[in-house]
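Engineer: Read off the chains here:
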Amino acid sequence: MTDTTPDAVPAAPAKPQVIEAPADRTRRLRVGGVMLVFALIGLALAAVTKGGKATFQLVSGDLENNLLGVPAQPVAIVLGILGVGAAVAYVLRQVPQRYAGWLAAVLGVAFIGAFLCWAAAGKTFPLANQFQGTLNFATPLILGALAGVLCERAGVINIAIEGQFLVGAFTAALVSSTTNSATAALIAAAASGVLMAALLAVFSIKYLVNQVVLGVVLVVFATGITGFLFDQFMQPDAEKLNTPNVLSAVKIPGLADIPFIGPILFNQTILVYLTYLAVAVVTFVLFQTRWGLRIRAVGEHPKAADTVGIKVKRIRYSAVLTAGVLAGLGGAFFTVGYAGSFAKEMTAGNGFIALAALIMGRWHPIGATVAALFFGFATQLQSQLQIIQTPIPGELLLMAPYLATIIAVAGLVGRVRAPKADGEPYVTE
Amino acid sequence: ACGSKPTEENAGGSANKDFKACMVSDSGGFDDKSFNQTSYKGLQDAVKEKGLTEVKAESKSDNDYPTNMTAMVSAKCNIIVSVGFKLEDATDKAAQANPSIKFAIVDSAPAKPIENVKPLAFNTAQSSFQAGYLAAAMSKSGKVGTFGGLKIPTVTIFMDGFAEGVRYYNTQKSKNVQVLGWDDAKQAGLFTGDFEDKAKGQNNAQNLITQGADVIFPVAGPSGLGGLQAAKASNGKVNAIWVDTDGCESAAEYCSVLLTSVAKGMDVAVKDAIVSVVDNKFDNTQFIGTLENGGTKLAPFHEFDSKIPADVKSELDQIKTDIISGKITVQSKVQPKAS
Amino acid sequence: MSTETEAAPAPVPPAKEPERRSGLPSWAVQGLVSLSAIVLALLVGAILIIVGDEQVQKAVGYFGAAPMDTVSAALSAVGEAYKSLAVGALGGWTPISESLTQATPLICGGLAVSLAFRTGLFNIGAQGQLIAGAILASYVGFAWHLPPVLHLVLAIVAGLVGGAIWGGVVGLLKARTGAHEVIVTIMLNYVAIYLLAWLLTTKTFQRPGRTDPISPIVDNNAQYPKFGDTRLHLGFVLALVAAVFVWWLLNRSTIGFELRAVGANADASRTAGMSVGRAYVIAMVVAGALAGLAGTQQVLGTDLPLTDGVAASVGFDAITVALLGRGTPLGTVLAGLLFGALNAGGLQMQLITQTPLTLTTVLQAVIVLFVAAPALVRSIFRFLPKERGAGAVLAKGWNG
Amino acid sequence: MHLELSGLTKSFGSLVANDHIDLVIEPGEIHCLLGENGAGKSTLMNMLYGLLQPDSGEIVIDGEKVQITSPSDAIKHGIGMVHQHFMLVPVFTVAENIMLGRENTWAAGVLDRKKAHALVTELSDRYGFEVDPEALVEDIPVGVQQRVEIIKALTNDARVLILDEPTAVLTPAEIDELIGVMRRLKENGTSIVFITHKLKEVKAIADKITVIRRGKVVGQAEPSASEEELAELMVGRAVDLVVDKDPADPQDAVLRVEGLTVIDERGFTAVDDVDLEVRAGEILAVAGVQGNGQTELAEALLGLTPIAAGTISLDGRDLTGRTTRQRLDAGIGYVPEDRWHDGFVESFSVAENLVLDLFRKPPFGNGLTLHTDEIEKNAEARVEEFDIRTQGVDDPLSSLSGGNQQKVVLARELSRPLKLLVASQPTRGVDVGSIEFLHQRIVKERDNGTAVLIVSTELDEIAALADRVAVMYRGKVVGVVPADTPRDELGLMMAGASKSEAHDVAIENPTTLGTI
Ligand SMILES: Nc1ncnc2c1ncn2[C@@H]1O[C@H](COP(=O)(O)OP(=O)(O)OP(=O)(O)O)[C@@H](O)[C@H]1O
Ligand SMILES: Nc1ncnc2c1ncn2[C@@H]1O[C@H](COP(=O)(O)OP(=O)(O)OP(=O)(O)O)[C@@H](O)[C@H]1O
Ligand SMILES: [Mg+2]
Ligand SMILES: [Mg+2]
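Chains as they are written, first to last, in my numbering: chain Z, 1 to 429; chain D, 1 to 339; chain F, 1 to 400; chain H, 1 to 516.
Hint data in this document are derived by calculation from the structure and do not stem from the laboratory.
This one's a predicted model, so the numbers in the text were calculated from it and none came from an experiment.
Heads up, a few of these hints could be off.
In silico EDC-like cross-links for lysine to aspartate or glutamate, where the CA-CA straight-line distance does not exceed 20 Å [as the list claims (entries may be wrong)]:
hint : chain 1 : residue 1 : chain 2 : residue 2
1    : D       : K56       : F       : E54
2    : F       : K58       : Z       : E424
3    : H       : K216      : H       : E229
4    : Z       : K420      : H       : E346
5    : D       : K337      : D       : E303
6    : Z       : K311      : H       : E229
Turn these sequences into a full structure, and let the hints guide you.
Structural biologist: This is how it looks when you write it as structure tokens:
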């Protein structure tokens, strides 16, 4: 550029100053508003907290030792004020943009803390179990959402997670019952997930079927076929075909001894460890490897990928089929991973929640994981609060996780952007 | 393997082959490991015993009840058994339109008695009372837990009785065994919100266990099976009591953790209702399964038979006697009342 | 020169075989393809029936001894099953009326999904909207006591309002905050289910004298009139009216023009002065109302009380119906009728041949799968002509 | 490399896009392909690059017949291509885009990002491009994206480089720079196929020119041929390259913009305190390199982008804060820059697209119902008037060629009484024949007393249409100059020079194109 550009042209001015765009302003006020509402609710709860001490159980199931007793009202008030502070700082933009997320996190923790102080005042709240349960609920959701991330990053919409779950759960139960082998069961579940994924892949990539249609239909198909096989074969011969062995927890020496989180995170079944691994691997693969780069390229701009010699369809097939492994394992969680025998429609809509988590997490493996954990947390909290009995009616508690998700999506997450070519078949002539 | 062609097998007692005993399920289907399944077993028992012809229709949605009912009528059934309170309206209508056909309905009763409808109800609060007592007696931690599927009377009646039984134990023994997951005074407690999600049921049970409960009483159909799974996973620390059927038969893989089950004798009641029609002894008085008539009872202790102290067993028997005699009154408001 | 080229092996000759195009109008071609898809699906179903049939299993046991037994057992199993399916769906006025009754809520629910689709929204929430509509319609139906006609009209309006609110929230959140409708509709379905479960335990909704979660049946005045002594009711006619209305709305009204434009290209619509947010809200309000109408058909039409099962799986089947109908009102009506017939026939089939209802579900899925993949159907039935403008796309993806 | 295409034929349905095309590319030559919109240039090149499969014909490289069934085959044979529509992944960084498809990896397919980074730096140094390897492609200006595309093609050591309309989005200086790169490549023995609509460029660089019309080669021309000759060869009739228009007769100011400031999504000031005035009966052209705020300016005028400060008034009526619809109703016509995105609904029929912003009002609608017969009638009339080539007004717009789609948008906007017409890049990518017609139509609108604001990066277009020129650079109007300002001077202003600086420098350093 140097030889033809005359020197006299003034040097480019320094990078223009960043000013808040109107859209950002709206967003800041909206998010800040929601934060403020929650902060004030937290504070209000603090004001009405009665009952002296709130006790938190730090080791799951240990009712005598490892209890953390705090003066409920003072702590709630401090947390409430902290929350209000964070919300106000957010609204007034008192910290640099890139730390704004932390303020939301501070508010979240403060609000939940104040809320728990209020709910547990004069009672014992099993804190460790809260996280344990969160993980239980979230594990299949994470696997399902990761499967979705892989598919959709490659440009294939996957609404069929629920169907993959069902088939995975069924197969795992069947194989575990007949072979008594956990490994065989997990492999079979993964394979059945891949089989469902193959249907998704062939029909969407080869036959160009609208992927939304396809996903919904595959869920119906999986419901029907597992139901049919259950009715006709599994149920009549349940002792032989539907008595899977549940995976047992494997303690990881050392790690499991870390206080508080150790027993929660590192005394789990192999399937849960696979889930941790899956989060890390999918994230790494997607962003740091050749295959991942190509997956993202075909999901964003398949033609561009094609022009540099990438086989678009082949990458899509590979991504969708690999995702099938994850979804199948997610399905296995419902039977061999946790609950034992198979029952019709036992995944009970979890595949759709995983889909929601994937969108809420903005098609990012970490985001999806966080969203799944968020949902698991809310569901577990709901169950625990029903037990310790709060003034909140049980019926409302049952709705709470779903309402919380709506609030989070509408208030905090806002507009999300899918991979650009997500759902568009790639056609060459 | 290619064996030889079997000769036409001759069904055993085909004495009443033209007698059609029919059943319509509710939307849970016949494989719900719960009341549809148990009722269906009653149908099968009757069919086997009397050599009848069986016709069954599963319903996928509420919409299907009238359709299935009509189909049964046109199939010229001699008796139609409908399962669940949701079929009440369809049953009443069909019964009034077809006075020559006999009907029976499980877990419900027409507002006004109908000539050809026999309601089958079960006071499971009575046996749950025993179950609560047993649970309290067997608890080491001093805490027992229960949870339900949905907060509906056929579920909470178990939970009520259970809580009362625990309270009775406390007053008898001056103990303070706590019930987690159900407060019968406030009628508030722990529910999964559905009857399908086994993992959710298991998690609910797990949460009760972390709160110290060592006997779990899940009243949530297939979702409740998760509760048994949680007990099984505790490796002997936690036990459970199953509902509706003898869990050692319907969910045999969990027999090792089952103290007992609160059996709701739907199979027996259904079978009796059918047989009464075959034998021309049908009447439309409401059947209420009680401890007295065996329509509800504690199932055998199976693997726990040796582990339950003899005095507890005799106390349970005494309770049964006392409930029958009226010495103990079970309070639950949702107990079926004789009409 | 041209001779040279022909002599040389053309790079990709097979791909360019002349397209089979017939003189048939495109609806006829579509019909043929759909018919072939149904035939294929029935073949798949036949396999399942054979595999699941006890007689066949027995006959296979001695296959070597009498192989024809297996074949005849298989044929008779399939034959009987499908005969009872057909009789149950179409064998006379009563079965037909049953099919139409079953189709009624599916059509309205399907329209709710279709309309949203055309606006670029994926409405998984027909289930929740239906429940919301059923709650209000049922309440007005049993708690108020009004003269004929008026009562029915008010109950229907209540149902429409209930659904419209439940749907409108989705549109509003999407327009205002960008919250993705897929998430919001999934979550609102659950909220509706739990709301219903709770309401049914309250005095307001519980049937007097009952402790069960079941509401009173609505007043006679609030019920859709029935046709003869069948279960078919006026709601079916309303479903057809709704379909015509949706057709008019989409194709002959300015609002529909806007909805379709936003659905096809939101950016261009915005540039042309349309309010995309407004379109989302309108579409979801109307879609919700349509699903609410399906709710009224459940509680006012088939004289069902309100229970937790009032929605059955109509809301989800509606998605399949809408997709099978390619998002057009006529297509949705036809798809709804097909599914209604399969449901009615399926009940009969389980009654006579004890074939599980899950088979109907499989059949429905496979039919849609084949219909949605005309290329596959054509590769199996090679005689089928090519459709002009084949593969009309409904929703492109998450980004609209 | 010696490349020979013979008898290449490709049809889309009943349309024969390439009809037995023969073409020979000698080693080290710059071969220009010229043709009107839809002539089939891109189709031909896409077949060469393996993106499309020919129905018949063959490709011979260095005497050997080859099969190119996918771009990877093409890359293997040493063919590189810069596509008409950029083939870059917008959410990837420059380095990621460049490594895509030939990633350097550590073990197990883990990306070696350092190497990619180094490669970009090396190449951009070698060719004097200033490209930040870690910048996101969607954040960099189109001109820089173009360089990324070229680097991409060069990293493959292509021996034949296809450049499909690479100059549409470049400034004269950048075009100059590109020409320099092409010359250097040529010296190294690389052959180049160069496609463009700009006849000046062709004359400046081509060794050989092949003209394609309606899918057939209609002839070859020498670079010495005049522009008029080339245009006639392309279009098949004599083309008036100069719009003949009378001098403007400007009246009162219709559009008044004061202190307009727009902050874009990333928080940068896209339009910076701009004051403008457009008078009735004049054409004001906003010149500038793509990405200097013109798009945002136009969108702000229509209310499509929220503004941070400033006022907009039309005929004295304050429009600030009004909705797009209110502005359209107030008498603004708008031809958006990215038509494929914002201008029409592809799946709608031609007729529907012709009333996309008119359907609510009589005679097309009465607020509730749509009068489809009126819409139909209107469509017939517009199609006739604007010579829109379509099989029928009920056909979807997607079936039309690019130039005709363009005309639909213009026809729609000009079919109602306007006070102000805002048209962005009205003829981008349109062939000379259509340009002629569209320009005439815009001038006619001016002569009817409408105020016209044209946003264009094409100096030819500006020269043809403008009565006054406002040059934008980094969101600011650096000057408003008369229409007859020399091309070089405008070019320099577009690079940020003030009016006086530009004037001086332009005389000292004439660019290649400026002097033609
Ligand atoms: N994928 C396709 N399907 C149908 N028609 C197509 C397709 N691609 C190109 N065409 C048509 O083929 C013809 C040639 O298009 P092509 O893109 O080769 O033109 P071009 O000479 O590159 O034009 P431009 O100057 O606008 O780039 C046009 O009429 C175009 O509409
Ligand atoms: N059918 C077509 N014929 C000719 N050119 C087209 C066609 N479709 C798109 N283009 C051109 O290609 C460019 C990219 O088109 P595309 O629709 O992919 O935009 P996009 O990537 O979605 O843009 P954005 O980033 O704004 O969403 C358009 O701006 C347009 O100039
Ligand atoms: Mg081109
Ligand atoms: Mg686009």
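Engineer: Each of the hints needs a verdict: does it hold here or not?
Structural biologist: Here is how each hint holds up against the structure:
Only pairs whose Cα atoms come within 20 Å are accepted, and D:K56 paired with F:E54 is accepted, the gap being roughly 17 Å. Restraint check: the Cα-Cα separation between F:K58 and Z:E424 comes to about 48 Å, which exceeds 20 Å; the hinted pair is violated. Straight-line distance between C-alpha atoms of H:K216 and H:E229 comes to about 18 Å, which keeps the hinted pair within the 20 Å bound. Restraint check: the Cα-Cα separation between Z:K420 and H:E346 comes to about 18 Å, which is no more than 20 Å; the hinted pair holds.
At roughly 35 Å between alpha-carbon atoms, D:K337 and D:E303 are farther apart than 20 Å, so this suggested pair is violated. At most 20 Å may separate the alpha-carbon atoms for a hinted pair to count; Z:K311 and H:E229 exceed this at roughly 43 Å.
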